[in-house]
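Peer 1: Those sequence lines, one after another, are chains D and R.
Per the working numbering, residue 2 is the first one in the first sequence, and the count goes up by one each step.
Per the working numbering, residue 2 is the first one in the second sequence, and the count goes up by one each step.
The set of hints was computed from the structure by calculation and includes no laboratory data.
All of these numbers come straight from a predicted model, not from anything done at the bench.
Each statement offered as a hint is correct.
One-sided and incomplete, this derived list gives chain D residues near chain R with beta-carbon spacing under 10 Å: (1) 8; (2) 9; (3) 14; (4) 19; (5) 41; (6) 45; (7) 52; (8) 53.
We put the beta carbon where it would ideally sit given N, CA and C, even for glycine.
The lines below spell out each chain.
Number of protein chains: 2
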Amino acid sequence: MEYYSSHIQNLIEELARLPGIGAKSAARLAFHLINQPEETVRRLADTLVEARSGVRFCRECCTLTDEELCPICSSTARDHQTIMVVENSRDLAAYERTGRYGGVYHVLHGAISPALGIGPSDIRLKELMRRLSEEDVKEVIIATGSTLEGETTAMYISKLIRPTGILTSRIASGVPVGGDLEYIDEVTLYRALEGRRAL
Amino acid sequence: MEYYSSHIQNLIEELARLPGIGAKSAARLAFHLINQPEETVRRLADTLVEARSGVRFCRECCTLTDEELCPICSSTARDHQTIMVVENSRDLAAYERTGRYGGVYHVLHGAISPALGIGPSDIRLKELMRRLSEEDVKEVIIATGSTLEGETTAMYISKLIRPTGILTSRIASGVPVGGDLEYIDEVTLYRALEGRRAL
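Kindly produce the complete structure, drawing on both the sequences and the hints.
Peer 2: Have a look at this one:
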């Protein structure tokens, strides 16, 4: 026997498919939505469909954008000779929020993961290599994550770029700012030691 | 400057309005949805709108349902002389999952909370009193939460029902099954002591 109305049950099931939303959160969300004004729910539904159908990949950097060229790639204020390679648009946004990076980006939409069956051809590497051959690029900063997949991808990209002679760098791994050493895992501590700089 | 496509930004903002979803979860959800097939996103949107417009309150118990009368109120297998009063449809579902309650319900859709400005007329109390006067009810089990609001509501309802002479009971407060005493708060421990039963 179903405890809820079939409409609500369907909604709970749909919401529970979303990442990070378990059965209880899905029920809480569903009841919250049912109690909203009809126009609020309709607006959310429209926004969902519009976002999905309206978004495209930037012709240059492959980030998700509304136009053929994203605002960063079309900006003349940015240094187009420096490309930071990131795994996804959220990582791009994270670096943009620092307000300290003036170059452009390249969004891979993933990382190489033999465990998940994601190979080099499944991420936007071909597009990166095309940019490097067509544009005048001075440096590629590899800013994939400090995870196994991120490191594997970084290694792969650096090998791929080496023959072109373009300078390749990797963002630093280490103790996060404000991080208390005793709470930091050993691998990070070791990385921080390895990456030490003269003062 | 916006870091994301305006479509994505709008979606993130809409999602971040939902309870329990912060800015970071909203961004993660938005990118997840953008990466889903268009029909998946459309199905979620349709389910949302259908649930909101298709759901109504049961004529008897006020729970959210698809029909005029919910499956529990229309079942002849249930004891219609025993009414359990709960705060919302999720609490009803929680008791249904126990599989040990054979009566019917009354859903208040809230609890009295002077702090939040929710008074007795803002919850479905009038509907409960109408049922008690029109139907042949033997017992009202008050199963509102063990919170300040739940207790206030329970007290209010029991006073309201007293003149009718109908038996009113309150579900027990105490140590949860499997609960280790040392981790239980003092109020609960005191309640468990107060509510002790002879063996």
